[in-house]
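Listed here are the chains, written in short residue letters.
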Amino acid sequence: MNTNAMQRADFAAIANWIKPGARVLDLGCGDGSLLRFLAEQRDSIGYGVEIDDAGVLACVNNGVNVVQGDMERGLSGFADDSFDYVILSQTLQAVRSSERVISEMLRVGREGIVTFPNFGYWRNRLQVMSGHMPMSSNLPYAWFDTPNIHLCTMDDFENFCRDHGVRIRERIVITNGGAVTLMPNLFGALAVYRFERA
Amino acid sequence: MNDTRDPYSVGAVTPRSAKFTVPLALKCGATLAGYELAYETYGELNADKSNAVLVCHALNASHHVAGYYADDPANVGWWDNIIGPGKPLDTNRFCVIGVNNLGGCFGSTGPSSINPATGKPWGADFPLVTVEDWVTTQARLADQLGIGRFAAVMGGSLGAMQALSWTIQYPERLGHALVIACAPNLSAQNIAFNEVARQAIITDPDFHGGHYYEHTTRPTRGLRVARMVGHITYLSDDEMASKFGRQLRHGRLNYTFGVEFEIESYLSHQADKFSDYFDANTYLRITKALDYFDPAAAHGGNLSLALEPATASFLVVSFTTDWRFSPERSREIIKALLDNRRNVTYAEIDAPHGHDAFLLDDARYHGLVAAYFDRIGAELAK
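Sequence order for the protein chains is G and Y.
Number 30 in the working numbering belongs to position 30 of the first sequence; there are no gaps in the numbering.
If you want the working numbering, it's the 1-based position in the second sequence plus 198.
It cannot be assumed that every hint is accurate.
Pairwise CB distance ranges, derived in the manner of DEER restraints [unchecked claim]:
1. D52(G) to D270(Y): 36 to 46 Å
2. S502(Y) to R197(G): 20 to 30 Å
3. S385(Y) to D52(G): 26 to 36 Å
4. R125(G) to D548(Y): 20 to 30 Å
5. G131(G) to S440(Y): 44 to 54 Å
Facing chain G, a subset of chain Y residues (Cβ under 7 Å, in silico) [to be verified]:
6. Y267
7. N541
8. V542
9. T543
10. A569
No lab work stands behind these hints: they were computed from the structure.
Nothing here was measured: the structure is a model prediction, and the numbers come from that model.
A virtual CB, placed ideally from N, CA and C, is assigned to each residue, including glycine.
Work out the full structure, taking the sequences as your base and the hints as a guide.
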């Protein structure tokens, strides 16, 4: 879904937040590379949820725990407060019921972590201004074959959190692998948030 | 003849027998003074005896898991498609052990064996055995073979229940459990089907209260019906529809009670085959072992508590069209394992074949099992 360099920046930001030995649930974990990274870097005890057969197989090859299933059907198999962190990496924009997924993340985990491509990034705005749906390394799909159905800007996400009883604890904004502090909703390509129940 | 044979077969195999003289207290309260278990092994046990994998069998199978018999080459092991050199459970790497469960009819002590107290076949007097009893005897076999700890215990269906029970009864004696097409206990519907099967056998006039050996007869009719009922539950509705549909055996309706539809012909063939080689008393006992299996029962129905002792890592696999042991039942096991923070891999294979899918070739399923055993192999190599 994203370039390797982008993914590494995203991974490193998440790893920085994770306490050593923490219990981590990664929703839409794909091939399990984030879980593997966190296990190596943070000694975390990780589980992934993945719907795709190839992803599940790749998780086995990556040596990480995985439960095959559709996270959008809820996380009923996971007990309340059973994880320190529930992560949704580069997947928020592709989930159907964003509200339900975020609320399930905070039921199962003490903290949630999401990363998503910031639709407010100036390059995206420029493409829309020029009359086209944005395409970039973060948004690599054409409009007709994109899995992304709920794209948002950082401001949109922060408003969402305020309206849904979610307190943002920290955020990191990344463009080309580097941190962005100036006008992040304009200059940030990738947003990484950690949040908890307000 | 050899050139048509599977190049990844373990080849010709020889069943062996292990004798046990230490009395065995069974869960039902009875004690067996001694017994024998038939088993087979494939692949070499390594120097530190750490590469052994126990394969537990389901309802109608045996210790003959892979390979074939030199004097009966058509008799290929029941899980031969998954076990062999270069197969998902690779016998170049692992030493695989298959064992016929106590109460069986393929060489282990069972109802058709001679009861030393009477000099006659046990028949109805052979005690009812449970999954837990089987696991105990398998552990004793491991002791005899000098295997302190299995790299993995693996099974499908009732075999998977044994693998699950291993993780509770002897948590320190296995590294991994492969629990395929399993359920943590039988549903009322499952028990109901088993009871129909049992009644078919017990009410057969040739059953003679279980002492049919002395009458030199067998309750073949009952066993046939039992097998038919069972077989229906192993297949999915879709699979039956696509395999047989409403096809007619003779191209037209004959308005008789003979075989008219292809599905009837298929069931009849399966029933004939089964009733020819399987022992009715064993069938009765195995269905009972299925009915009784319920590790959560001793913990007020709480499976998470039941699995608390387990330390193994788990691969749990279910099949979407399995309505006998549906994916929901496997997810109960997953939930209990997650509650206990165990290592788990859970895969739901989208296969059309119903419960029987665990025995069939499916690239995704076999690929997953192969990858999982690679992981176990890599751990052993460390």
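The hints, checked one at a time:
For the hinted restraint 36 to 46 Å between D52(G) and D270(Y), the CB-CB distance of approximately 43 Å keeps it satisfied. A C-beta distance of roughly 25 Å is found between S502(Y) and R197(G), which places it inside the suggested range of 20 to 30 Å. At roughly 30 Å, the beta carbons of S385(Y) and D52(G) sit within the given window of 26 to 36 Å. Range check, R125(G) to D548(Y): about 41 Å between beta-carbon atoms, so the 20 to 30 Å window is missed.
At roughly 50 Å, the beta carbons of G131(G) and S440(Y) sit within the given window of 44 to 54 Å. Of the supplied interface hints, the one on Y267(Y) is violated, with its beta-carbon coming no nearer than about 34 Å to a beta-carbon of chain G, more than 7 Å. For N541(Y), the suggested interface contact is upheld, since its CB lies about 6 Å from the closest CB of chain G, less than 7 Å. Interface restraint check: V542(Y) against chain G, minimum CB-CB distance 5 Å, threshold 7 Å, status holds.
Contact between T543(Y) and chain G, as hinted, is supported at the beta carbon level, the nearest pair being about 6 Å apart and thus within 7 Å. Taking 7 Å as the C-beta contact cut-off toward chain G, the hint placing A569(Y) at the interface holds, the least distance being around 4 Å.
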